[in-house]
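Residue numbers (our numbering), protein chains in the order written: chain P, 1 to 297; chain S, 298 to 594; chain V, 595 to 772; chain H, 773 to 950; chain L, 951 to 1338; chain G, 1339 to 1726; chain Y, 1727 to 1822; chain C, 1823 to 1918.
No lab work stands behind these hints: they were computed from the structure. Each statement offered as a hint is correct.
From the structure, some residues in chain P lie toward chain L, with a derived Cβ separation under 8 Å:
hint, residue
1, ILE67
2, THR134
3, GLY135
4, LYS138
5, GLU155
6, ASN156
Positions of the beta carbon are idealized from the N, C-alpha and C atoms, including for glycine.
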Amino acid sequence: MSLTGKTLNEEEFFYGHKACAGCGGSLAVRIALKVLGERAVAVLPAGCMSAVAFNFPQLCFGNNAMISTFAGTASMLTGVEAGLRAQGINDFQAVGFAGDGGTADIGIQALSGAIDRNDNILYICYDNEAYMNTGIQKSSLTPFGAKTTTTPAGENIRGNLRPKKNMFEITAAHGIAYAATASIGFLNDFMNKVEKASKIKGTKYIHVIAPCPTGWGTATDETIDFAKEIVDCGLWYLAEYENDEFILNYKPTEFTDVETYLRKQSRFAQLTDEDIQVVRESRDKKWERIQKNYKVK
Amino acid sequence: MSLTGKTLNEEEFFYGHKACAGCGGSLAVRIALKVLGERAVAVLPAGCMSAVAFNFPQLCFGNNAMISTFAGTASMLTGVEAGLRAQGINDFQAVGFAGDGGTADIGIQALSGAIDRNDNILYICYDNEAYMNTGIQKSSLTPFGAKTTTTPAGENIRGNLRPKKNMFEITAAHGIAYAATASIGFLNDFMNKVEKASKIKGTKYIHVIAPCPTGWGTATDETIDFAKEIVDCGLWYLAEYENDEFILNYKPTEFTDVETYLRKQSRFAQLTDEDIQVVRESRDKKWERIQKNYKVK
Amino acid sequence: MMVNIRWHGRGGQGAFTAARLLGAAYSSHENKYALAFPSFGPERRGAPIQAFTKLDTKPVVNRSEVDKADYIIFLDDTLFTEGILTELKQGGKVLLNTKQSFENPRVLTINADSIAAEILKQPITNTIMLGAFASVFDGINLDDIKEAIRLFMPKKLHEKNIAAVEQAATQINRGVLL
Amino acid sequence: MMVNIRWHGRGGQGAFTAARLLGAAYSSHENKYALAFPSFGPERRGAPIQAFTKLDTKPVVNRSEVDKADYIIFLDDTLFTEGILTELKQGGKVLLNTKQSFENPRVLTINADSIAAEILKQPITNTIMLGAFASVFDGINLDDIKEAIRLFMPKKLHEKNIAAVEQAATQINRGVLL
Amino acid sequence: MAKEFLSGNEAFAYGIRLARPQVISAYPITPQTIVVEKLSEMVEDSSLQAEFIHVESEHSALSCAIGASAVGARAFTATSSQGLLYMAECLTYAAGGRFPIVMMNANRSTALPWNIYGDQRDSLSLLDCGWIQAYAENAQESLDLALMSYYIAEHKKVSTPFMANLDGFVLTHTYEVVEVPEAKQADLFLKPYVTENKLDLSYPKNLAFSVGPDHNTAFKFKEHLGILRAKEAIDEAEHKFNEIFGRQYTGLTESYHADDADYIIITLGSIAGLVRETVDKYREKGEKVGLLRIRYMRPFPNEEIAAVARNAKAIGILEKDISFGNEGTVYTNVNSALQKAGLSIPSSNFIGGLGGRNISEHEIESIFEELKNEKSTVSFLGIGGGEE
Amino acid sequence: MAKEFLSGNEAFAYGIRLARPQVISAYPITPQTIVVEKLSEMVEDSSLQAEFIHVESEHSALSCAIGASAVGARAFTATSSQGLLYMAECLTYAAGGRFPIVMMNANRSTALPWNIYGDQRDSLSLLDCGWIQAYAENAQESLDLALMSYYIAEHKKVSTPFMANLDGFVLTHTYEVVEVPEAKQADLFLKPYVTENKLDLSYPKNLAFSVGPDHNTAFKFKEHLGILRAKEAIDEAEHKFNEIFGRQYTGLTESYHADDADYIIITLGSIAGLVRETVDKYREKGEKVGLLRIRYMRPFPNEEIAAVARNAKAIGILEKDISFGNEGTVYTNVNSALQKAGLSIPSSNFIGGLGGRNISEHEIESIFEELKNEKSTVSFLGIGGGEE
Amino acid sequence: MKPYLRDKVPTTLSEIPDHTAYEAGYLVTKNAGWRNIRPVINLEKCVGCLQCYLYCPDGVISKEENKVRLDYDFCKGCGICKKMCHFDAIQMEVEK
Amino acid sequence: MKPYLRDKVPTTLSEIPDHTAYEAGYLVTKNAGWRNIRPVINLEKCVGCLQCYLYCPDGVISKEENKVRLDYDFCKGCGICKKMCHFDAIQMEVEK
Ligand SMILES: Cc1ncc(C[n+]2csc(CCOP(=O)(O)OP(=O)(O)O)c2C)c(N)n1
Ligand SMILES: Cc1ncc(C[n+]2csc(CCOP(=O)(O)OP(=O)(O)O)c2C)c(N)n1
Ligand code: SF4
Ligand code: SF4
Ligand code: SF4
Ligand code: SF4
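Modelling step: build the complete structure from the supplied sequences, incorporating the hints.
Below you can see the structure in the form of structure tokens.
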């Protein structure tokens, strides 16, 4: 039975936190914990989600939770999982929530190691496409063209010049037990992936797009809209990897215009029409490959 | 024109080192440098190849070379490349030589970052399938079933239980400019890949199997034989990744028996027939996928 | 004697920019010194935040947030409560962006939102409150503020902000008269 | 008085195992102490290496490699040069695995390779040289060595190695007579 | 010179731009980010010609800088707190390799508990790693240090990396008036980096090698000498700096009425300003108190400390740091200086500002009052002494 | 008890097995590897029930141990040199989180230059990070420390991680006779770990949180108290250890003829054996010399040092360490102890054994001879004094 | 368990825990001050579709009798709920 | 440039470099001591196919007049060259 607002656990486990109004990351964490329930043991590295939730004596997780070093999400999860198991406890879910920087940059060594060991953990990357907690710096998941404080836009350079690293396919190339992409614009899909993952033994990786109004330069009430639009315009996609196979979960019948998506966000304000054409083409190229290598469900 | 013993640079750049007699890694480094020539600027992390070559005042590289921290091969290469370029120097090749542990475990963060930036460097992983310099401990590239000092074989456990991480496909999933696998049993193929890589701009990764008689428990004169046999029995393969495409360079008409390959090495001495069947099946599964996803050249 | 100014706003409203412009404007003169700093830590959109400006005729060495201020300036009246008045020094004043009027003589008000809507065409009130402050506080004049705007804000914003600041200076005076 | 034994071999020949077995055998007795250690650093296959055993009747505290030894034992004669004799203490002896014979009374020889080939069926001479040493050095007897082999070597190797050690003990005696 | 209203971070970035680094690699961390953001803006607007590398961690940031320095490029990085700890291996590496990299460290508390505010536990806990360590008091000194740092680090006799420390937030994020020198003048002051400690395509080298027991001590001894000799290089740099820019600094320490004082506070970083003001108040009352500000923790100012302590009745060391299970690290170092000089005067340790806790003027007065007891104690401001 | 012929590494592994850790995570590095290899053998042969995690780096090794400790499991790791530096961030983290993890560190020189041999720069350069630091002299003490370490670290009043240091090679790789206690006895000595400092499924907790300026000092102060109180826990552990196993240790230091000595060498680690033998020789000649062996650098034995130094004419600190730009770190700490105690006696620093350089009996004698000059100097064995 | 507001704010040295460990979900401050606009639910129009409940990043909307209820102590006024409501049942009103 | 044996072994404090930087390819010791068997080339049989040259891990075989030459100072006696020679031109002989 697939999860919906009606069937979801009514308990809240992430509450009273100090995330920005309209924060997409906090929605991802909140919903995932509602799916996982009270026996989730959460590890969060330095990043917005830990910064807003663990300010003693304001402690905003209702379940067991701790902050890890920035690089250590996966390795601390490994320790948590092994430590509980070594004490004969088995009915829990070790879950990590890390930002894009904490996942794809400094945290990738530990994540890669955990996947390689096939540790029984669930790793959720909430991707807001930059280092947000420190004030919007480029990460390796910042998309092409985005302005950040370390990829400023000016006369000479129009923001970030590098494409976004594909963590989903990188974890898949590790032969991980389960990997998925998601977006908080498609919460039912996300919830069901979290639930599915929680039932698989071994390492699970879910990469969920979670817009950040502060870093993207958008209104606080548009967070969900952008999380939908990024999928609808084809710059993100909903997919799974399991048993050596890629599965595309959702294919928009026709893409909405990427230009519309980009132009509404101030991080992309400086892009020229040519830049936008580059984005469009790289999207199309990516979808060609998806078409070729992914099973469409 | 493809490189052979006849056409190869006659100069030696890696000489007088203290590697074990019959060391495969040292052959990989020696040959790659002969291809790259005197304008190669080499960075080697802690590991056998640096340990045997940089013992002041016995310095065994004829070209510019330095040791990096164990985790820092790729990031130091990035600095070397940027530093020379910032001084207006462009006719050089920044090349890294790192072991399997230094590449796939502690070094993967920096390697992933360099690929993501598409830094103009060549990274060569000589894979001897364990941490050899410290005395044969399991790395994430140690194959299933191998006995190491941290995966001992005894009554309860028969060596390493985890399969080998696929660094080649992981770097490919980064969308790297060029990646390739190789073996010192097929030197011409390796030489030509090194040469090809040196002419591509951006990040290049070559993963070369380099047997270690000491760690594998084999005779010093059998190094090349094993480097050939591992390809012939299908436990390793020669391939390239370029322009979003995988290419298989060589397909043995019929695989030689993996059992023969395994039984000759003392690291596999403890394997049961069932274990060997597991190896065989995982090989076949891998080749099914290669068949499906790789272009055969 | 040091003058302490405290700014209240929400993450994203530019309170600290105003604090900084004030410091820059004041210290542009010979033998005038200033420190300006935000309340430290990540600024979360929507979260109440503070910023500080300290003005003096000798170098300011005390870098700590001060409890008692000479002026407390609110960019947003939902942040204001009467209790704040206890955090004023004797003779200190609150400057408040509000549509409402207050009986308390220590609370000077201005409808910065309407100036912003009219001149800036955006709900941003930081420079407006700065202009209001300049006309209330003797130690600084409007020209210094305008110069700071020219020096520290992006060029395309100069004109409008200078206009807004000028407008504010007149309006707060009326506010005081209320 | 401390007795210093130095072992010479190549990476992979087991010199250090012999050094360690000797230390264990000696110190198994009341009031006998030993230290045993390899030449430090990674052992490269084929590379010449050394190992050390120090024996004494009080705890050994000096942990450093010694320049002058009471006994220098070679597992492989290609490593031996006459120059090594200057590294012996007065009265010290060299024990050498070789087919050759030496005139020098300070060099005791044994053809360990042939014993190894015959009994162990493998070219490993470390325990054989240990047996030879036991019969030359008064402070230890053959039984201690056998016991150490039983304690510290894998079970399947016990029988052959004990036989080899016994054989060595007789052969080196002949060597001395030469 | 132009007068600008800058934060400590910005001032430092301005100083770095004047020094013309060729490679910049840094990873974001509060409260360091602004310096890196400013530099990336300068690269974008072409006012600075440098390779700006977006690295994946601090270990990589410093590794990259080492790589750049190893080919003879001038390299810069910046970090703070967790980041400094995360690159600890590379700190020692850079120092042992004698690579004159400059790093700005925004002093910040270290986890656990997490805390982004300013204390000096990060840099002081890594005092032994072979870097020159300087501590700035205000934004002007930050800028000036940035420029001087390369002069000192790259000095032939020194060849040692340089860590410039700025108190997090209270200095890094606080705006004040700063004189910004002109590029032309700066070029008179600082020449391009020239070294033989590099991989060189026309004369190949092997770098960063191993050295066994026989010669290892020699390398370590030379490394030690290099940093000791920084003292001369600092004097030289400050002299030349004064000639060109008209601001004179005072070497490893700065004495403020310390020479004839009965009671001296020794401290470092931005809190010195408030202590100086407090000294003024006491002096007005006719009380002989003074301040000795440590500007450099490495090389350590043993002589300078002994010189002022010689006439004092008691000294107090105020620091934002604790070496758990003993006392503040600055205090330990100062005590050793006294001991070596044979000075047996009471010295007390005042540990304050941990995790950004404010140190008030009142507390500084209470330190002077406490010193009048002429005892040796260790206490935490706001908590007090030992266990009971 | 069984008598065995073991190396320091092996002895330590035997001690750890007796302590029944539940999670072991470690990354290989010379000269630590053997301890990890031994433990993996024990796990394989089921003589030890533990999760053995093959981690990808030392940062992960300690992160993993922290995770395990944070759910109340007993965790062990081991490292050395570069590895210790690479996990520096986690050291501070574990200490601040009060996780009583035990780590063995094989003391080894740190790069650059690379060198795998034993000196103490690795652990001493991270002295401030909040860990208890013990230094073993021989294999027996290594084993005993391994077992006692958990008792001390987990002690309710302590809750502090424990770093046991063994000199690389000369101790880790050197075989000697060791008495190995029986598991039954060990279980009498050490009980399972019970704590409230954990994520708990029946009483959920939030751990490893942030604390702002207001309360941060309180946490740091408690962390400091925890490690100070280790002193009592050490006494308690050693007393109980003696009761059960019949071997008595002597707390933070071990005095050998130091109490009435004119000239004392203070040192740490395995070199103490040779110093002890040298003391015997001098005493035979009727010369009043002594040895104070530091067993714990944190908590630091201030009182113990002052007590023996009170009657001495001069003391010499022999250490395998240099804090570049100043002096040896042990020396600095000892000097502070003297200064606080108001003892103004000459103290000299002898820096030796860097990068595994041998320290000979002759050199130890020359130290005693040098002390007779009753001056305060800093010198490098084999090289000599300062710059000139 | 849902984090909730507590009466006691630990402040003295003895109230502060010995470790960085404390009861989960311990709240001592509200977030109401973040708002300058507030969502107001028109229960007449609400059909209980739960979209607002699902998408509120702060989790302050709960199910109640087939409709929803809002906790103003922790609502930040982001406006997402209003946007997600297809039945126009939520209006954003300026805070007073 | 091929590393080669030097006469001078830096040993004194002043000979030791100030940095961890030194001339590339500076050799002061040989590897001949590693061998207990040595490859001997029969130039009669050698056809100059260069397989031994290519596969020697130590690079001690060089081309010479269409045949090959071996540097015994650095050969370790691993035996690979013998195995690679399809013309039986290399024999391993016991060292004396
Ligand atoms: C070793 C280390 N380096 C840097 C930091 C500083 N830091 C804390 S949070 C953060 C940004 C996190 O970015 P991301 O992982 O993308 O999560 P987000 O803040 O966007 O939620 C950084 C750089 C740190 N805590 N530790
Ligand atoms: C941070 C750090 N951890 C551990 C080590 C120890 N170390 C040096 S070499 C080595 C093994 C290298 O293994 P690999 O990378 O596979 O190369 P190989 O030795 O097999 O050539 C290790 C673990 C180190 N130098 N630095
Ligand atoms: S900065 Fe972005 S990710 Fe961070 S709390 Fe605010 S909205 Fe969420
Ligand atoms: S251990 Fe293996 S990899 Fe290392 S030098 Fe020897 S043969 Fe080569
Ligand atoms: S305004 Fe935002 S925080 Fe408030 S109830 Fe609506 S969605 Fe939740
Ligand atoms: S024996 Fe080995 S080292 Fe010697 S020449 Fe042949 S291949 Fe080279």
